[in-house]
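*Asks:* Sequence:
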Amino acid sequence: MKVILLNLPWINTKDHYGVKSGARWASKRSRKQNLEYYPFPFYMAYAASLLKKNGVDAKLRDAIADKKTKP
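Numbering (the numbering used here), first residue to last: 6 to 76.
Hints in this document: simulated from the structure, not taken from any laboratory.
Any given hint could turn out to be false.
The list that follows gives simulated cross-link-like pairs (lysine to aspartate or glutamate, EDC-like), each with its CA atoms no further than 16 Å apart [stated by the list, open to error]:
hint: 1; residue 1: Lys72; residue 2: Asp20
hint: 2; residue 1: Lys73; residue 2: Asp20
hint: 3; residue 1: Lys37; residue 2: Asp20
hint: 4; residue 1: Lys25; residue 2: Asp67
hint: 5; residue 1: Lys58; residue 2: Asp71
hint: 6; residue 1: Lys25; residue 2: Asp62
Every value quoted in this text rests on a predicted model; they were computed, and no experiment measured them.
Full structure from sequences and hints, please.
*Replies:* Here it is, written out as structure tokens:
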């Protein structure tokens with residue numbers, strides 16, 4: 006079985022995007038601002054490691070850190 010865990014932005018506009026995973030509080034950020042830090046999705050990474058430990062082909066993609074947008 007193959008599983009992909011995606012950390013997608015929950016607000017996705019021309020000027021802003023939302024950050025939830027790994028952050029203490031959800032927040033909206035400006036696309037014009039160059040961020041040096043993107044909160045790491047710890048719980049998703051933990052889930053991916055448990056899946057892998059149990060023989061599942063699991064991958065985690067952090068679309069926020071990769072500056073991807075929703076389709």
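*Asks:* Within 16 Å, alpha carbon to alpha carbon, are lysine 73 and aspartate 20?
*Replies:* Within the cut-off at roughly 14 Å; holds.
*Asks:* Can the restraint linking lysine 25 and aspartate 67 be considered satisfied, given a maximum Cα separation of 16 Å?
*Replies:* holds (11 Å)
*Asks:* Is the straight-line distance between the alpha-carbon of lysine 37 and that of aspartate 20 16 Å or less?
*Replies:* holds (7 Å)
*Asks:* Measure nothing beyond the straight line between the CA atoms of lysine 58 and aspartate 71; if it is 16 Å or shorter, mark the hint as holding.
*Replies:* Violated, at roughly 26 Å.
*Asks:* Does aspartate 62 lie within 16 Å of lysine 25 when you go C-alpha to C-alpha?
*Replies:* Roughly 25 Å between the alpha carbons, so the hint for lysine 25 and aspartate 62 is violated.
*Asks:* Going straight from one Cα to the other, do lysine 72 and aspartate 20 come out at no more than 16 Å?
*Replies:* holds (13 Å)
When each numbered hint is compared with the structure, violations occur for hints 5, 6.
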